[in-house]
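Visitor: Residue strings, one per chain:
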Amino acid sequence: MKAIKTFVYAFSVILIISLVSAGFSDWITGKATSQPTNVTVSVAGRDQCQVTYVSPISPVNPVELSSTTVTFNVHVYDKNGMNDINKSAVFANFTYSLNGNKYRATVSNCSWINNIPPRTANFSCSIDMWYWDSNGQWDINVRGNDIGNKTPCYNTTTNFQYNQLKALVIYPTTLTWDTLVPEATNQTSNNDPTLVNNTGNYNGSVSITGINLLGETDTSEAIFAENFTVGLTTGAGYPECGASATQLINGTLVSIANSNSNPGNLSEGSGAGQSNYYYCIPEVPLVSSQVYSTLNGGSWIISF
Amino acid sequence: MNKSKILFGTALMSIMALSLVCAFGVSSPYWEGNPLKMYPGESKIVNLNLQNIAAASESVTVKLEILQGSEIASLDKNEYIVEAGSNKDVPLNIKVPSDATIGTKYTVKISTTTLSEGTAGGVGMSTGMLTVFDVMVTEKTVAEPKSNVNIYLMIIAIAVVLIAIIYVLSRKR
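Residue numbers (my numbering), protein chains in the order written: chain Z, 15 to 318; chain S, 400 to 572.
Derived by calculation from the structure, the hints in this document are not laboratory data.
There's no promise every hint is true.
Taking beta-carbon pairs under 10 Å as the criterion, some of the chain S residues facing chain Z (in silico) [as the list claims (entries may be wrong)]:
(1) F423
(2) P428
(3) Q450
(4) N451
(5) A455
(6) I465
(7) S515
(8) T530
Virtual Cβ for every residue (Gly too), placed ideally from N, Cα, C.
Just chain S, same shape as in the assembly (with noise of 0.2 Å):
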């Protein structure tokens, strides 16, 4: 075996045949240092927004895989198509368990990447994202019942201005 030289990626044309530049990206209402809060039994849908705008040419593949808190993560669909110049939501099902304890902390993390086809002749290069955040177990909070001060005190104010009304007609007479 001839192991006097490695021809790697010097064939520019193929080079010349690849898209110049590659762009994506993802927004996420929740990150490391924004947790979602949710309580044990909750369900919620968080939207991960797909975006292929700056820079884009064609529409790109996104593979989502779920690195960590699959066990209360659960994603739709591993695989979105974004046509270029648009957005797109994706639902991130999550669902804290009943029997949860207050307190506890999942981290959720998400790899979402572009797919793209082997690259002859060098290294290629796709971008990918990692969206993390927590997800804490907290108190179920109630709504708080509507304040009867306020009724109470112009209940009082009525009365008085009755009484007054009353006692200055009884002096008249």
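Next comes chain Z alone, as it looks inside the complex (with noise of 0.2 Å):
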């Protein structure tokens, strides 16, 4: 009993030492007794983070020679709060896939907008999407990080709607000849091409609806648009004047053959999006001696 006695005085008197030496040290050397001390404590989370919500988007159209802008929101969650979630690393892109390859838009950057606890933020995403972009469904891909754990999370669940813009530029709009004599042969325009630049994502062929051309001064008579032909090449041998051009019906919507609306990005030069057409009277028909044209009868059309 006095063991524990001994024991419990003794440890009474380190206790006391131990509280009040700081003080009794002060009094000794001058220090002051007290001062405010910052205590920074960082607690870096161990869960992956969760990217939970992106906002659906609606169709969207591609807008002639120009990018549209598609901007739509992303949730990140982090189990071990907000603070945990890094707000410079929420990233976004589309792809697209044909035939075995991917197509990508570029990728964006996500803004912080602001947070919704206790253990989300919320994202606003852009990324321009160019006119030669393939219409159909896109793939949205995001991807968050976090400041404690550091693996990325993503979210691949969502897609939207591209849809297809059909549209094009065409240069010059009025083809010419030079002076022609009844039974002349593989008579070919003097200012061909028809250049079409596509302005959209259309892939496909284009058609060209060929009106008779009517006499200007006698409307009775008329060159027919059968008597025209359209090739997508010219030089020796006359290729657009050939069998491997197309004969014009009047009236009717023709599909050039193995012609292409070749979409892509007309800024890269060397014939993206580009495609040119070449016309030829294989013979010219008897008809009188005056200017024919589409003056009473109609513009031919060229058609994606």
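Join the two chains into one complex using the hints; note that each chain is given alone, in its own frame.
Guide: Structural data, given as structure tokens:
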């Protein structure tokens, strides 16, 4: 019993000494008896983040020869709290698969908008879609990250529809021929080709609706649309006049053989987004001497 | 009649007076391979977006014509003016007959062409688009009722917890 009492006294003395020693020594040394101390404790979350929400995107219309910005919101969740979400490490992009190839729109660095307490943050992402981007279902890929776990989290479960845009620009808008002589053969236009710029995303054949050319003086006479052929090339042997060329039909949409609208980025040059069409009268018909044109019958139509 | 020569489009002066480029576009949410699905008796408006943006310097008059599918498709107007640098939604009304059988496929084909004045001295060219898509008649989809499974699980969980509490309390007494 005595031993226990001795132990309690000894322990109490030690406690008292430890509690008062600072004040006592400070009195000896002249130091301040207390001072504020900043204590910083960083706690890194150990759980991986999750991209829990991607706002739906309505079907998007491409814009001729331009881009359209697609904006949407994403929510990133972290079990360890919204402060564990890395606000500058949320990215999004769109991908489109066609014939085994994967096309990718520009990656967006998403901007933090606000927190949704206690564990979620809201971000806004904007991605430009261009006029040549393919029509169809584009997958939305979102990647987030956090501060503690650092393992990226993904959401690849949503998509949106990018609509079809059939759009073109043609030049020149009038075709001409040198003065023709009846029964002359392989008479080609002197200002072709018609240059067709595809300013949309349509990928397919090109068609032309030909209209009979009526005489400007005597409209009872005409050079029929069937007297014209259209080809994709010109040069020796007059390919635009031969078997590989396509004969037009009055008032009828005729698909030009082997033609393709060739969608692409026109700014790249080297023929991307362009196609050319050459015209021929394989044999000039027997008609009277006057000007024949589309003045009274209506223009020809180049169609996608 | 003098048939020795044809004066055909060499009037360069008239060419110079013409606009140098012709541009136009149509955007559609449906196309060949991406059909519109509707049930018998359903009505829907599909907006065709006419664009006069690329290289646009003047307004264009656009003529629309339903070439195929007029039994289910109709237009409020056949001509629209699209100002330079702008676009316009044109409503295309689609109504599937109430007696249409499931699996029926209607093809809708609409031509849109820019109207231009006749061109003297040559062959004037204008632009056109052919919008083609299928309308598939499908079953009417009924919204599934919300599942009650979660509610039942929650009730069971609460019941288990209550039983456990009662059991523990009774043991303490």
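Visitor: Run every hint past the structure and note whether it holds.
Guide: Checked hints:
1. Nearest Cβ of chain Z to the Cβ of F423 (chain S): about 7 Å, under the 10 Å cut. The hint holds.
2. Interface hint at P428 (chain S): satisfied, since its Cβ lies 5 Å from the closest Cβ of chain Z, which is below the 10 Å cut-off.
3. A distance limit of 10 Å between C-beta atoms decides the matter here; for Q450 (chain S) the minimum to chain Z is near 5 Å, and the interface restraint holds.
4. The interface hint given for N451 (chain S) holds, since its Cβ lies 8 Å from the closest Cβ of chain Z, which is under the 10 Å cut-off.
5. Checking A455 (chain S) against chain Z: minimum C-beta separation of about 8 Å stays under 10 Å; hint holds.
6. A distance limit of 10 Å between C-beta atoms decides the matter here; for I465 (chain S) the minimum to chain Z is near 15 Å, and the interface restraint is violated.
7. A least Cβ separation of about 5 Å between S515 (chain S) and chain Z falls short of the 10 Å threshold, and the interface hint therefore holds.
8. The interface hint given for T530 (chain S) is met, as the beta carbon of that residue sits about 7 Å from the closest beta carbon of chain Z, less than 10 Å.
The structure is inconsistent with hint 6 alone, although it conforms to all the rest.
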